[in-house]
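Visitor: So you can see what is in the structure, the chains are spelled out below.
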Amino acid sequence: MPTLKIDGLDVTVEPGTTVLEAAQFLGLEIPTLCHMDGLEPYGGCRLCLVEVGSGDKSRLVTSCTYPAEDGLTVRTNSKRVLRSRKMMVELLLSVCPSSRTIQDLASLMGVQKVRFKTRNDDCILCGRCVRMCKEQMDAGAIGFVNRGHKRKITTPFNMKSEVCRTCGGCIYVCPACNLRCQGPNAPGDVCGSCLSLQPTCTERFDDYMCYLGPTGNCGTCIKKEEN
Amino acid sequence: MKLVKTADDLDKLRKAVLAKRSPEKPVVSVCCGTGCRASNSAELKETLEKEIVKQNLKDKIEVKASGCHGFCEHGPIVVMSPKEIFYERVKLSDAEEIVRETVVKSNLIGRLQYIDPAGGERIKTENEVPFYKKQKRKILEKNRLIDPTNILDYVAVGGYEALKRALTGMKADEIIAEIKKSGLRGRGGAGFPTGFKWEFCKRAKGDIKYVICNADEGDPGAYMDRSVLEGNPHSVIEGMIIGAFAIGSNKGYVYVRNEYPLAVKNLTVALAQAREYGFLGKNILGSGFDFDIEIERGAGAFVCGEETALIASIEGKKGEPRQRPPFPATKGLWGKPTNINNVETWANVPLIINKGADWYSRIGTETSKGTKIFSLVGKVVNTGLVEVPMGATLREIIYDIGGGIKGDGEFKAVQTGGPSGGCIPKELLDLPIDYESLAKAGSIMGSGGMIVMDDSTCMVDVAKYFLNFLRDESCGKCLSCREGTQRMWEIVNNICEGKGKKGDLELLEELAVVVKDSSMCGLGQTASNPVLSTLRYFRHEYEAHIKEKKCPARVCKALITYSIDTDKCVGCLLCLKNCPQKAILGELKKPHKIEIEKCIRCGVCNEVCNVKAVLVS
Numbered sequence: 001m002p003t004l005k006i007d008g009l010d011v012t013v014e015p016g017t018t019v020l021e022a023a024q025f026l027g028l029e030i031p032t033l034c035h036m037d038g039l040e041p042y043g044g045c046r047l048c049l050v051e052v053g054s055g056d057k058s059r060l061v062t063s064c065t066y067p068a069e070d071g072l073t074v075r076t077n078s079k080r081v082l083r084s085r086k087m088m089v090e091l092l093l094s095v096c097p098s099s100r101t102i103q104d105l106a107s108l109m110g111v112q113k114v115r116f117k118t119r120n121d122d123c124i125l126c127g128r129c130v131r132m133c134k135e136q137m138d139a140g141a142i143g144f145v146n147r148g149h150k151r152k153i154t155t156p157f158n159m160k161s162e163v164c165r166t167c168g169g170c171i172y173v174c175p176a177c178n179l180r181c182q183g184p185n186a187p188g189d190v191c192g193s194c195l196s197l198q199p200t201c202t203e204r205f206d207d208y209m210c211y212l213g214p215t216g217n218c219g220t221c222i223k224k225e226e227n
Numbered sequence: 001m002k003l004v005k006t007a008d009d010l011d012k013l014r015k016a017v018l019a020k021r022s023p024e025k026p027v028v029s030v031c032c033g034t035g036c037r038a039s040n041s042a043e044l045k046e047t048l049e050k051e052i053v054k055q056n057l058k059d060k061i062e063v064k065a066s067g068c069h070g071f072c073e074h075g076p077i078v079v080m081s082p083k084e085i086f087y088e089r090v091k092l093s094d095a096e097e098i099v100r101e102t103v104v105k106s107n108l109i110g111r112l113q114y115i116d117p118a119g120g121e122r123i124k125t126e127n128e129v130p131f132y133k134k135q136k137r138k139i140l141e142k143n144r145l146i147d148p149t150n151i152l153d154y155v156a157v158g159g160y161e162a163l164k165r166a167l168t169g170m171k172a173d174e175i176i177a178e179i180k181k182s183g184l185r186g187r188g189g190a191g192f193p194t195g196f197k198w199e200f201c202k203r204a205k206g207d208i209k210y211v212i213c214n215a216d217e218g219d220p221g222a223y224m225d226r227s228v229l230e231g232n233p234h235s236v237i238e239g240m241i242i243g244a245f246a247i248g249s250n251k252g253y254v255y256v257r258n259e260y261p262l263a264v265k266n267l268t269v270a271l272a273q274a275r276e277y278g279f280l281g282k283n284i285l286g287s288g289f290d291f292d293i294e295i296e297r298g299a300g301a302f303v304c305g306e307e308t309a310l311i312a313s314i315e316g317k318k319g320e321p322r323q324r325p326p327f328p329a330t331k332g333l334w335g336k337p338t339n340i341n342n343v344e345t346w347a348n349v350p351l352i353i354n355k356g357a358d359w360y361s362r363i364g365t366e367t368s369k370g371t372k373i374f375s376l377v378g379k380v381v382n383t384g385l386v387e388v389p390m391g392a393t394l395r396e397i398i399y400d401i402g403g404g405i406k407g408d409g410e411f412k413a414v415q416t417g418g419p420s421g422g423c424i425p426k427e428l429l430d431l432p433i434d435y436e437s438l439a440k441a442g443s444i445m446g447s448g449g450m451i452v453m454d455d456s457t458c459m460v461d462v463a464k465y466f467l468n469f470l471r472d473e474s475c476g477k478c479l480s481c482r483e484g485t486q487r488m489w490e491i492v493n494n495i496c497e498g499k500g501k502k503g504d505l506e507l508l509e510e511l512a513v514v515v516k517d518s519s520m521c522g523l524g525q526t527a528s529n530p531v532l533s534t535l536r537y538f539r540h541e542y543e544a545h546i547k548e549k550k551c552p553a554r555v556c557k558a559l560i561t562y563s564i565d566t567d568k569c570v571g572c573l574l575c576l577k578n579c580p581q582k583a584i585l586g587e588l589k590k591p592h593k594i595e596i597e598k599c600i601r602c603g604v605c606n607e608v609c610n611v612k613a614v615l616v617s
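Residue numbers (our numbering), protein chains in the order written: chain G, 1 to 227; chain V, 1 to 617.
Hints are computed from structural coordinates only; laboratory data are not their basis.
Positions of the beta carbon are idealized from the N, C-alpha and C atoms, including for glycine.
Treat the hints with care, since some could be wrong.
[Unchecked claim] Residues of chain V placed beyond 12 Å of chain G at every Cβ, according to the derived structure:
#, residue
1, LYS12
2, PRO220
3, THR365
4, THR566
5, LEU573
6, ARG601
7, ASN606
[What the hints assert, rightly or not] No farther apart than 25 Å at their CA atoms in a straight line, the calculated lysine-lysine pairs in the BS3-like style are these:
#, chain 1, residue 1, chain 2, residue 2
8, G, LYS57, V, LYS331
9, V, LYS557, G, LYS117
10, G, LYS79, V, LYS440
11, V, LYS64, V, LYS265
12, V, LYS501, G, LYS86
13, G, LYS79, V, LYS516
14, V, LYS516, G, LYS117
15, G, LYS117, V, LYS501
16, V, LYS318, G, LYS150
17, V, LYS317, G, LYS152
18, V, LYS265, G, LYS117
19, V, LYS317, G, LYS160
20, V, LYS501, G, LYS152
21, V, LYS318, G, LYS160
22, V, LYS331, G, LYS117
23, G, LYS134, V, LYS318
24, G, LYS113, V, LYS134
25, V, LYS317, G, LYS134
26, V, LYS318, G, LYS152
27, G, LYS113, V, LYS499
28, V, LYS180, G, LYS57
29, G, LYS117, V, LYS502
30, G, LYS117, V, LYS426
31, V, LYS134, V, LYS282
32, V, LYS547, G, LYS134
33, G, LYS57, V, LYS440
34, V, LYS550, G, LYS150
35, V, LYS282, V, LYS336
36, G, LYS57, V, LYS516
37, V, LYS502, G, LYS86
38, V, LYS64, G, LYS117
39, V, LYS64, G, LYS113
40, V, LYS317, V, LYS336
Chain G on its own, in the form it takes in the complex:
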């Protein structure tokens, strides 16, 4: 069974576990958006980025897809991780500024401003609905079309799908459109009023003292390492 070190803590997991699952097992919070239990890992939203390895060879990978390998060193909140994660949230906000989910993520990460021109798209192309439709509902009624900045999700040839059973699974899993922020929405503005911090580790690990918000910030685990 692979043993790896996440934020200084050793954890042994079943083979086939992802880094994200291993971190969650420890009660560490890694933000996710395109990830959903029961759906194939996708690695599209880049929010769950963590830094693996050390020194010059360390690199950012998506924890939702990365297998927990023996001897792996993972940092979930390093400067490099936070820099990328914040930029990803800023990019998401610039595309879909009125999504409550994204506003919450921005508040959590302290993103206060959007420096790009906002667009007000409805979709963030996380692909949850596409995977839901194909993997869980076995329909495959929707999919991605086009590339790059023209990419969108639709039915084949933009026509009414013959295989869609209007189950609503796609809407159920959508992280962007199910909650709309009704607050003020000046360009580039984040209201922050819907900030909803939740204790992270207490549910599963009563005695693990890491409930103070983004893990690693309290420093308990680092002190433990030094001693």
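Position chain V against the provided structure of chain G, taking the given hints into account.
Guide: Frame of chain G, contents of chain V only:
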């Protein structure tokens, strides 16, 4: 019925082919690579053939359509053996004289010879042309000797000898050890050591394994792989069979873009012939090893050159990458261990097996071995394909081989590695080219595109061009690449339109670093290079656009104005007649004037003016 069943059969076949071919028999070989074809070389070959029949020389002279010679600027190229006489820019009307004078009487036709721009001398043979003289052609060498649609031509010049050696004299591990020792690194871009890649795939658990040749060459202006595949497809096939044997694979794919019709055609012919002769199929050369290759045509997505996207495309899915690991070596095509190498990498394999790893590793630098083909294009005198040993400097390639800058301009930068590469400035002209030094300079080797730019190029505009390419070609799966390239393009586009503001460069830089760091595949991870390298070496140009609202190279339309120098203008009405906006006022023999409000800055007036009276500021 297979024609070559054992190693001995191959030797016999080669002997028989060579016995039939007298080295004295004149051969007129016409380059039929894509570049020369564009200048009508296919028709030239037919005309030469007709001319030979007309002059009753049918059985005495052979006309051959060869692969690309690389000197595309001077096509169509015709070389006549045995004396190796070299003619350039041959026209259809020259055919009759060539046969009558040069082929029959060995008289040289002066106007068709290459003239050395340095000394003004007429040059007789191909090897004496400075463009070729300073190259080290190992992969492209055979292109000019063979007709790619005739396997016997390839066999005659020693083809499939490496296959014989590998299959009948070496163990799989010995082949991998040899490739490792040679120091060969992937020619597709990242430069991963080929031997190690093979070993990973060989060691991976799996009953079925695949080898793939990545011929999805998509960089604008690059055509090395195309020329190898069109001109010498058997070298790639031979490399793939050897690799498959070493790895333990029985099935190969060549993923080639459908925009390369000649490559697809020549490869199809080559595969059929290789099958006919028994180099592909069951029990190759009596070794008990089975292998065959299938062509898979790509629909022209740049991202499909990325290995996981390429695999998805072959599987019939949307061509987009997936996060690695697992790497294709453990879980690739149809979930099986797969080894992917680029065209040029495969073409290097027979060379290494034939001449040995020691010989091969003597070419090149400490970390990068062998030769590399570059497609030299842009504002350079001799555009074409250039093959040099690793470690050659940019100056050698651009000035000694490329003949320097075309026209009156001055060298400004060279863009290496395609859209994901970087721009290298004048100060680094003496940079030896290898994987490490290019990475250090903020660029990449890529597949070997090299675009030379002079001082009429605006570097901000160049960054905008590549970003526009990338935002279109990004598959859009991961946020950092999709939105990152789009937002970078928006910022740079604003700067070009004169709407740049304070803080733009800082934001651009911050975003570029994050996109490089956070993206899923090689496309996104290198998409920032055009921005980062131009910011690194040409920051002052960005600043001039933002602060002074000026484009120093006078390219960005929003930041320039056209006017007419009244002292120089002779009042010829030429610009007035050509202006699509009718923005020029004036009468015959009186100085003209441009109405700024109507002018769309298309530059037509400047192009047509004979007295250079149009001022751009």
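Visitor: Beyond 12 Å from every Cβ of chain G: is that where the Cβ of PRO220(V) lies?
Guide: It holds; PRO220(V) is separated from chain G by about 16 Å at its closest Cβ, greater than 12 Å.
Visitor: Does LYS516(V) sit within 25 Å of LYS79(G), going by the straight-line distance between their CA atoms?
Guide: holds (16 Å)
Visitor: CA of LYS113(G) to CA of LYS134(V), is that 25 Å or under?
Guide: violated (56 Å)
Visitor: Is LYS501(V) within 25 Å of LYS152(G), Cα to Cα?
Guide: violated (31 Å)
Visitor: What's the verdict on LYS557(V) and LYS117(G), does the C-alpha distance respect the 25 Å limit or exceed it?
Guide: holds (23 Å)
Visitor: Taking only the CA atoms, is the gap from LYS180(V) to LYS57(G) under or equal to 25 Å?
Guide: Holds, at roughly 22 Å.
Visitor: Would you mind confirming whether the straight-line C-alpha gap from LYS501(V) to LYS86(G) stays at or under 25 Å?
Guide: holds (23 Å)
Visitor: Hint check: LYS64(V) vs LYS265(V), CA-CA at most 25 Å. Holds or violated?
Guide: Given that 25 Å is the threshold and the Cα spacing comes to 17 Å, the pair holds.
Visitor: Between the alpha carbons of LYS317(V) and LYS336(V), is the straight-line distance 25 Å or under?
Guide: With a Cα-Cα distance of about 16 Å, the restraint between LYS317(V) and LYS336(V) holds, given a limit of 25 Å.
Visitor: Taken at face value, is the distance from the CA of LYS117(G) to the CA of LYS265(V) at most 25 Å?
Guide: The given pair, whose Cα atoms are some 48 Å apart, is violated under the 25 Å limit.
Visitor: Hint check: LYS331(V) vs LYS117(G), CA-CA at most 25 Å. Holds or violated?
Guide: violated (41 Å)
Visitor: Could you grab the alpha-carbon distance between LYS134(G) and LYS318(V) and see if it respects the 25 Å cut-off?
Guide: Cα-Cα ~14 Å, so holds.
Hint compliance for this structure: hints 18, 20, 22, 24, 30, 31, 32, 34, 38 and 39 are not met, and every other hint is.
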